[in-house]
Structure formats: C-alpha cells, structure tokens
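Number of protein chains: 2
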Amino acid sequence: MNLTERSKLRRLPARGSHELEAIYKILDAAFLGHIGFCVDGQPFVIPTLFGREDDTLFIHGSAASRMLRQLEHGVPACITVTHVDGLVLARSAFHHSMNYRSVVAFGTARKIEDSERKMHALEVVSDHLIRGRWDDVREPNEKEMKQTAVLEFTIEEASAKVRTGGPVDDEEDYALPVWAGVLPLSLKAQPAQADPRLIAETKLPEYIERYRSE
Amino acid sequence: MNLTERSKLRRLPARGSHELEAIYKILDAAFLGHIGFCVDGQPFVIPTLFGREDDTLFIHGSAASRMLRQLEHGVPACITVTHVDGLVLARSAFHHSMNYRSVVAFGTARKIEDSERKMHALEVVSDHLIRGRWDDVREPNEKEMKQTAVLEFTIEEASAKVRTGGPVDDEEDYALPVWAGVLPLSLKAQPAQADPRLIAETKLPEYIERYRSE
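Residue numbers (this note's numbering), protein chains in the order written: chain R, 1 to 214; chain Y, 215 to 428.
Treat the hints with care, since some could be wrong.
[To be verified] Residues on chain Y that point at chain R, a partial pick, calculated with CB under 10 angstroms: (1) Phe-251; (2) Cys-252; (3) Pro-261; (4) Gly-288; (5) Gly-300; (6) Arg-305; (7) Tyr-314; (8) Phe-320; (9) Asn-355; (10) Glu-358; (11) Val-376; (12) Gln-407.
[Said to hold, decoys possible] Label pairs and their in silico Cβ distance ranges: (13) Thr-416(Y) x Arg-117(R): 45 to 53 angstroms; (14) Glu-142(R) x Val-289(Y): 39 to 47 angstroms; (15) Val-39(R) x Ala-408(Y): 20 to 28 angstroms; (16) Tyr-207(R) x Glu-327(Y): 32 to 40 angstroms; (17) Lys-325(Y) x Ala-194(R): 47 to 55 angstroms; (18) Lys-325(Y) x Arg-212(R): 17 to 25 angstroms; (19) Glu-142(R) x Asp-268(Y): 45 to 53 angstroms; (20) Ser-400(Y) x Gly-132(R): 17 to 25 angstroms.
Hint data in this document are derived by calculation from the structure and do not stem from the laboratory.
Positions of the beta carbon are idealized from the N, C-alpha and C atoms, including for glycine.
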C-alpha cells in the first residue's frame, strides 16, 4: 500500500467535483485521523479526533499540548484518514492486499483565537463524532475554553485512494488449491455501557442507539 | 488526545520490561500503522501494513513506491499505531474522550538488500497479518521479489498511551439528566467471502475462521 506518488496529489479540486465529494465522504466516515508534522527534520505522527466543515478540519486538545503548540503557528502538516475494509487473501503471497479507503490531506493549521469560532469548531468536532450529542451536554465554560486549544487546518492538497473487491491472482495460480477471498473488517459498536452514576431513568439517546446499528 | 509531550518519549526500554511489553502488545494487536517522514520540511503520513520482530518493524511495498524510496536511506521516521476502543460520553462536552491504545515509535528505516532476510521479513509481515497464511500460499518468485521493496525500521524511542474506563465528570455535573457512559468500538471481521474462482472443495482455513471470532 502506498499513497504518496506526488503525481497523485493535487490541489483540492473545485467544490462539488466528484473527486472532492469522494474525499469528503472518506473524511466524514471517520472521526480519527493521524496528523504529521516535522520538528527539525524529525517527523511526528499523532492520532487526533477531528471534525470537518467544507475544506477545513478542526482539531482540539489541551492548551498545554506540545502537538498543538507546534502546529498553531502554521507549519506544514498532513492529516491522514484510513478506513480498513478487509483483508484480501490471494493464492500467492505477492497478491495479498487490503481493502481500504484513505485520504492524505496537506495543509497548514492555525490556532483559533476568536471565542465564538472556537466554540463553533468544538461543536463541529462533536457533531462529527456523534451527531446530536452537543445539544444534550453541558457546553464548555470559560475555564474549560481556556484549557482547550482548537486549530483549524485548511486542506490545500488532498488525494483519496480506495481499494475494493477480491484478490487478483496470476492466471496460473488459479489452479492452486488455496482458499482465496476477502475477510471484511469494520469498526463496529457494541452495546453502550451506562455510567454507574447515571441518575435514575436517564434513557440511552437515540443517536447512540442508532450509532450501534450503523 | 495528545501523545507528543517529549517528556513522555523515552529510549526503547530494556527488553522484558513491563513498558516494553505494553508497547509490543499494542503493536502486535494491529496490522496497520501510519508512517511519517519529512521531505524538505513537508510531512507525509502514509498508512502501511507492518510486521514486528523484536524491536524491528518491517514494511513493504512496490519497489517504485515514492514512500519507500524516501525512507530507504535511513531518514528519521515515525510509525504510529492506534486502536480505537470506544467513545467516552461525559455529561459535559469538555470531558468527552476516547478509549484507545496507541504507540508512537521513532526510528530510521533502511532497505533490506539481502534476499534471505527480505524473504524472512515478508514472512514476518504475513504472519503479523494472519498467522498461518504464509505456509498456505505460493511464495514470491524472483520477479515478484524484484518488484517488492522491504524496509526494516528499528525502534529507537517509543511511547505507549492508553485510556480505558468510563467518563470522569465534574462533581456538580453528576446531577445532570444526561446519559453518560462508554460506547465500545472494535474492528470486527464479518464472514469471509470466497473468491468466485476458488477450485471446488477448497475449505476456509481454520486461521481465517478463528480470526472472525477474535
């Protein structure tokens, strides 16, 4: 698997294009990305939750976070999202593969200073994670907002890569008595576990129940 | 989520230590990592399959891969592995979190030139992905080996970070009538899909059947 040929990268295509839609669809189906940045030639790759609005990804964390402090001044960054969809088992070792959908997005991140925009960005991240949750919970107070840093990452270039389908073997290998096919994989939710201190008769919200069956 | 405080990083601890075991356990439970490297200050983060042997991670790809060509000469790299274990839903937006296990590993990668070691590395990657598979399939031939590049990445520093358990709310928020708890998530296998050209009576191997129930 290899997604880096520079020829595959391109300026973020015009809004509404088929390719842009494909990129957004892959981003929106995920809530976790891996963000990369360089400090004196040393790469760092850090898992991060994110939310998307148009061509902007929002990420957040502790205001004391070294990652966010490195990124907040607009250094080049890369956010990569990968969905594992299955293992592709061929008759030869060489043709084994993985079904997946991934996006590699390049851009720069900047700290959001405006408090209204910062609150909006947090709502976008929350909605991205579980739509409906934000309206149910206590919003961040002033102290919590101070402890939180929120960055906006504008996508400047992005590429999507997708593999689907079964194995493709060399013609002569189809005669081998080797099981071949696909083992589908996906991130699945199990039944929600209520906090022991839940106050009586608090119902499981529909958006969590629904999440399980998606 | 933020795993980068440099104080958290450390030289790979002595073999057999509790921390090293924890790092290896997280790596071994995954088959996909995200590898980061810098080219002229531009970070790249690319999903990659990997296998582990002691403190070495093996990655492979097309010999024409730009990623592997960048890495093969020993530039600093970072391989990060993240397992998503669940969403942690608190009564306040601020205390929402994710249960996860992750490893951030720093080191350098080098191309494996020796053909025996290269074949061994491919077997390690295959075993890491699905133990037992390598023995069933046709091994790479000379032409395929030429088309494949294999890199060994020696872990020089690594850190593990793990979050488990339920939400931790501010004391006064426990009175809120908001559902709180954990929505467990995990990468699950669905029933294997046989290739349409499977020769008659080829059975689903036990190691794939077992994989499903893990």
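Okay, the hints, checked on the actual structure:
no., hint, in the structure
1, Phe-251, "5 angstroms, holds"
2, Cys-252, "4 angstroms, holds"
3, Pro-261, "4 angstroms, holds"
4, Gly-288, "12 angstroms, violated"
5, Gly-300, "8 angstroms, holds"
6, Arg-305, "6 angstroms, holds"
7, Tyr-314, "7 angstroms, holds"
8, Phe-320, "7 angstroms, holds"
9, Asn-355, "8 angstroms, holds"
10, Glu-358, "4 angstroms, holds"
11, Val-376, "12 angstroms, violated"
12, Gln-407, "5 angstroms, holds"
13, Thr-416(Y) x Arg-117(R): 45 to 53 angstroms, "58 angstroms, violated"
14, Glu-142(R) x Val-289(Y): 39 to 47 angstroms, "44 angstroms, holds"
15, Val-39(R) x Ala-408(Y): 20 to 28 angstroms, "48 angstroms, violated"
16, Tyr-207(R) x Glu-327(Y): 32 to 40 angstroms, "54 angstroms, violated"
17, Lys-325(Y) x Ala-194(R): 47 to 55 angstroms, "52 angstroms, holds"
18, Lys-325(Y) x Arg-212(R): 17 to 25 angstroms, "45 angstroms, violated"
19, Glu-142(R) x Asp-268(Y): 45 to 53 angstroms, "50 angstroms, holds"
20, Ser-400(Y) x Gly-132(R): 17 to 25 angstroms, "23 angstroms, holds"
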